[in-house]
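J.: Fit chain B to the given chain A structure using the hints.
Protein sequence lines correspond, in order, to chains A and B.
Counting from 0, one number per residue, gives the positions in the first sequence under numbering that gives the first Met the number 0.
Counting from 0, one number per residue, gives the positions in the second sequence under numbering that gives the first Met the number 0.
Since the hints were derived computationally from the structure, they do not count as laboratory data.
Possibly wrong hints are sitting among the right ones.
To be verified - One side only, chain A facing chain B, incomplete, derived with CB under 10 Å:
| id | residue |
| --- | --- |
| 1 | G41 |
| 2 | A43 |
| 3 | F74 |
| 4 | S86 |
| 5 | L152 |
| 6 | M383 |
Claimed, not checked - So the derived label-pair ranges between C-beta atoms look like this:
| id | chain 1 | residue 1 | chain 2 | residue 2 | range |
| --- | --- | --- | --- | --- | --- |
| 7 | B | K57 | A | R326 | 17 to 25 Å |
| 8 | B | D53 | A | S296 | 51 to 59 Å |
| 9 | B | V389 | A | D127 | 45 to 53 Å |
Remember, it's a predicted structure, so these values are computed and weren't measured experimentally.
Just so you know, even glycine gets a beta-carbon here, dropped at the ideal spot from N, CA and C.
2 protein chains.
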Amino acid sequence: MSEDKLTPRKEDFSEWYNQLVLRSELADYAPVRGCMVVRPYGWALWENMQAALDRRFKETGHVNAAFPLLIPMSFLEKEKEHVEGFSPELAVVTIGGGEKLEEPLVIRPTSETIIGSMYSKWIKSYRDLPVLINQWGNVVRWELRTRLFLRTLEFYWQEGHTAHATEQEAREETMRMLGVYADFAINEGAIPVIPGVKSQSEKFAGANMSTTIEAMMGDTRALQSGTSHFLGQNFAKAFNIQFLDESNTLKYAWTTSWGLSMRVIGAIIMTHGDDQGLILPPRLAPIQAVIVPIFKSVAETKTVIETVKRVEAELKAVGIRCKVDDRTEVTPGFKFNDWEMRGVPLRIEIGPKDVEKGSVALARRDKPGREGKSFIPQAGLAGMVSNLLVDIQKSLLERATAFRDDHIFDPKDYTELKDVVQNGWAYSYWCESPICEAKVKEDTKATTRCMPLDQKDAHGKCIVCGEAATRKVYFARAY
Amino acid sequence: MSEDKLTPRKEDFSEWYNQLVLRSELADYAPVRGCMVVRPYGWALWENMQAALDRRFKETGHVNAAFPLLIPMSFLEKEKEHVEGFSPELAVVTIGGGEKLEEPLVIRPTSETIIGSMYSKWIKSYRDLPVLINQWGNVVRWELRTRLFLRTLEFYWQEGHTAHATEQEAREETMRMLGVYADFAINEGAIPVIPGVKSQSEKFAGANMSTTIEAMMGDTRALQSGTSHFLGQNFAKAFNIQFLDESNTLKYAWTTSWGLSMRVIGAIIMTHGDDQGLILPPRLAPIQAVIVPIFKSVAETKTVIETVKRVEAELKAVGIRCKVDDRTEVTPGFKFNDWEMRGVPLRIEIGPKDVEKGSVALARRDKPGREGKSFIPQAGLAGMVSNLLVDIQKSLLERATAFRDDHIFDPKDYTELKDVVQNGWAYSYWCESPICEAKVKEDTKATTRCMPLDQKDAHGKCIVCGEAATRKVYFARAY
Numbered sequence: 000m001s002e003d004k005l006t007p008r009k010e011d012f013s014e015w016y017n018q019l020v021l022r023s024e025l026a027d028y029a030p031v032r033g034c035m036v037v038r039p040y041g042w043a044l045w046e047n048m049q050a051a052l053d054r055r056f057k058e059t060g061h062v063n064a065a066f067p068l069l070i071p072m073s074f075l076e077k078e079k080e081h082v083e084g085f086s087p088e089l090a091v092v093t094i095g096g097g098e099k100l101e102e103p104l105v106i107r108p109t110s111e112t113i114i115g116s117m118y119s120k121w122i123k124s125y126r127d128l129p130v131l132i133n134q135w136g137n138v139v140r141w142e143l144r145t146r147l148f149l150r151t152l153e154f155y156w157q158e159g160h161t162a163h164a165t166e167q168e169a170r171e172e173t174m175r176m177l178g179v180y181a182d183f184a185i186n187e188g189a190i191p192v193i194p195g196v197k198s199q200s201e202k203f204a205g206a207n208m209s210t211t212i213e214a215m216m217g218d219t220r221a222l223q224s225g226t227s228h229f230l231g232q233n234f235a236k237a238f239n240i241q242f243l244d245e246s247n248t249l250k251y252a253w254t255t256s257w258g259l260s261m262r263v264i265g266a267i268i269m270t271h272g273d274d275q276g277l278i279l280p281p282r283l284a285p286i287q288a289v290i291v292p293i294f295k296s297v298a299e300t301k302t303v304i305e306t307v308k309r310v311e312a313e314l315k316a317v318g319i320r321c322k323v324d325d326r327t328e329v330t331p332g333f334k335f336n337d338w339e340m341r342g343v344p345l346r347i348e349i350g351p352k353d354v355e356k357g358s359v360a361l362a363r364r365d366k367p368g369r370e371g372k373s374f375i376p377q378a379g380l381a382g383m384v385s386n387l388l389v390d391i392q393k394s395l396l397e398r399a400t401a402f403r404d405d406h407i408f409d410p411k412d413y414t415e416l417k418d419v420v421q422n423g424w425a426y427s428y429w430c431e432s433p434i435c436e437a438k439v440k441e442d443t444k445a446t447t448r449c450m451p452l453d454q455k456d457a458h459g460k461c462i463v464c465g466e467a468a469t470r471k472v473y474f475a476r477a478y
Numbered sequence: 000m001s002e003d004k005l006t007p008r009k010e011d012f013s014e015w016y017n018q019l020v021l022r023s024e025l026a027d028y029a030p031v032r033g034c035m036v037v038r039p040y041g042w043a044l045w046e047n048m049q050a051a052l053d054r055r056f057k058e059t060g061h062v063n064a065a066f067p068l069l070i071p072m073s074f075l076e077k078e079k080e081h082v083e084g085f086s087p088e089l090a091v092v093t094i095g096g097g098e099k100l101e102e103p104l105v106i107r108p109t110s111e112t113i114i115g116s117m118y119s120k121w122i123k124s125y126r127d128l129p130v131l132i133n134q135w136g137n138v139v140r141w142e143l144r145t146r147l148f149l150r151t152l153e154f155y156w157q158e159g160h161t162a163h164a165t166e167q168e169a170r171e172e173t174m175r176m177l178g179v180y181a182d183f184a185i186n187e188g189a190i191p192v193i194p195g196v197k198s199q200s201e202k203f204a205g206a207n208m209s210t211t212i213e214a215m216m217g218d219t220r221a222l223q224s225g226t227s228h229f230l231g232q233n234f235a236k237a238f239n240i241q242f243l244d245e246s247n248t249l250k251y252a253w254t255t256s257w258g259l260s261m262r263v264i265g266a267i268i269m270t271h272g273d274d275q276g277l278i279l280p281p282r283l284a285p286i287q288a289v290i291v292p293i294f295k296s297v298a299e300t301k302t303v304i305e306t307v308k309r310v311e312a313e314l315k316a317v318g319i320r321c322k323v324d325d326r327t328e329v330t331p332g333f334k335f336n337d338w339e340m341r342g343v344p345l346r347i348e349i350g351p352k353d354v355e356k357g358s359v360a361l362a363r364r365d366k367p368g369r370e371g372k373s374f375i376p377q378a379g380l381a382g383m384v385s386n387l388l389v390d391i392q393k394s395l396l397e398r399a400t401a402f403r404d405d406h407i408f409d410p411k412d413y414t415e416l417k418d419v420v421q422n423g424w425a426y427s428y429w430c431e432s433p434i435c436e437a438k439v440k441e442d443t444k445a446t447t448r449c450m451p452l453d454q455k456d457a458h459g460k461c462i463v464c465g466e467a468a469t470r471k472v473y474f475a476r477a478y
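Next comes chain A alone, as it looks inside the complex:
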């Protein structure tokens, strides 16, 4: 933790991000190009995210399992679009146990193929369906330009893979999991994501249809934060996932896959962070409240520490994740900056005068200076802190939603579109032609992000070519 100030967000957003990730000790660069080390503070955040997601997966009937890291090269080749999409990004094992392998193995970039091969073995009858399995793990994609959390060679994620008897069930599952992702991002991460359908050119390699949750970062760029894919019968046919239906007819299954990665940590940073550092949503924060004892003399120490320990025990008793910063080698001011950098939602200061008065000083991370400061009695503190954490969570979401809505535009023509995507998203009718999509990208670097789901009776003209259009899409520059 350095005492230097971060490069301000307005000056250089990208540099601000990199500095913040390192100084808050979320992650560090690994000695292998493009790889990262997730430090304990970052991993604790991920553990909370995992728990919040895993609970939702289990509530919707899913179970976890683990499939191999290594996949025979030939498996990827069984699905044409899939291999075309992933082969440029593969890490290939050619030597094992000192000998050249007969068939090279790739480190999984995603697991549709190896899981498909197992499903074809396990699924025989309609009674075996649906299969609803999720896997928490690591994958490797050989990316050229990498950023901590956002795009690294190895990354941590979960990938759900399901198989169903009917197309409708598989489509429902795709949408159900998109809904789970949106609920997670909004209600746990306080990130007001927009769920929707990807364009054909932006969909997953091997999917019939991809859906996504798209988040707006503090620099207005979009971040794809989770995807759920309807795979049709593509992988079922490639891997021969067949079952006997109730009338004893052999049919191909319908499959889905859906994934959300540690990239969402990047989304949290870039949605909520400020020039003082990270701001973590209380529901996911590894430390929700930090207690900083304040004393000048040794005489003061004892009474202060006594109160601090009692407060800590009271907060822990109601399930608040709190920590006492009892370091003696640094000043309280240094500690304030340090925990602000790390984004702890609430700071509790306890000094000799607070002990005397039976009060504490509270400082909210989301409201700097006096606005976020209050002095409250120790009696009933735990309840007060719990309420305050709920309020911080709510206000982070409100602030991010307001920011997002302030930066979504409805340009009247293509000229205005080209202008607004420089500092925001354009929400416009689009004819769904890849030619118009490519033109926008070439002219502005903005891509289609998603077509929201709830567009009813829409009809308009494509913002690019003027032809008839039935849906609006978000155009934005993206990470």
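T.: Using the frame of chain A, we list chain B on its own:
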């Protein structure tokens, strides 16, 4: 799930094991040689094991983090014994993103080297110590002879890596984590492991001293079930992990590492399983009690299901992991066999007569037939089931301990030793010479397993050469 009986343990223990793993749906063979798929039931068991261990790690001050999967080949070469030990087992990535890599990367077989390189960056002062980090993840070792759970190319484990200011602290940590492993195995897995020190020839490649917990399987062979290593300053010197002490002197840190893998699932199977299948210790069982409704007519169904749902809710309310098997396409008898195969500790049968009488039938998995069966009132059932689960846990440990003690021998001479290790362990004085150790191995296939810690004022004669010895060791054939 097949209705065929398992090959009896006495007939072919190894075949019994393989059949059991597949039929209980703990795991399956992967399409890549030597790799496994951990199926949902097996992964749920591992999740419970992870939670029980992780709680102990956190209680002893450890935090989790994640280090890269890929390690530069040159890193391994920095510690001489380490590279000699691991280089025959490496999986090597030579191609990334379609191009040949300048330096090959190995998939981590263990992470001392890459973690050591990060510690040298993070640790500057005595104030940064101790560093107490654990990682949950997968590693790859190119094994030639593989067995599901016991030895696979890729396996799941946790690896703890700690750095300390003094030798004593690092030695204490090594022993603390050995204690955590023993506590976990005994009190969660009901496996009466014996903790102790490995011989020099059996220690971890790069360690000064290795400790282990050794378990006796149902065929009397030993299974090394978790190891904790004192690494001295070997890795600190190889990776330059140095710190300024309180008097501003630059010193090398002292490090430890410790790991426990999914192999313990193999230990659970081979410690408790019988010819009907798996027997899971209640504390780790994904399903602690299965409820089987019994009815013949549609009329009976409704009243039975009502009671079943109420019982399920009551059990869940007190935290019992239970499941209702409401399949209609199979008979109750099939279900009984099925859940016996899967090792569910307790079966609850509820039929129309039980509904009438306000009772249920309970069947303990650990006591077959009448002995394990009881009929008890529905009132107060949840408390009764909780107590019964505690009792099953206790009785599994007692039974395994009795079996272990019945198969540990104190041979009077080398001839007797050669005999007893054919069907048990020999606990004998040993002069600690690798020559005697090698002789036993050559003559009997038995290896030294560990020297228990609490040997005080021991003095005797080596069972092999007759020279003076100060410690006893377990000799056993091992997995």
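J.: Please go over all the hints and tell whether each is borne out by the structure.
T.: Going through the hints against the structure:
1. G41: holds (8 Å)
2. A43: This hint holds: A43(A) lies near chain B, its Cβ roughly 7 Å from the closest one there, short of 10 Å.
3. F74: holds (8 Å)
4. S86: This interface hint holds because 8 Å falls under the 10 Å limit.
5. L152: holds (7 Å)
6. M383: Result: violated, 27 Å to nearest chain B Cβ.
7. K57(B) to R326(A): 17 to 25 Å: holds (21 Å)
8. D53(B) to S296(A): 51 to 59 Å: violated (41 Å)
9. V389(B) to D127(A): 45 to 53 Å: The hinted range 45 to 53 Å is violated for V389(B) and D127(A), with Cβ atoms some 36 Å apart.
When held up to the earlier numbered hints, the structure conflicts with 6, 8, 9 and fits the remainder.
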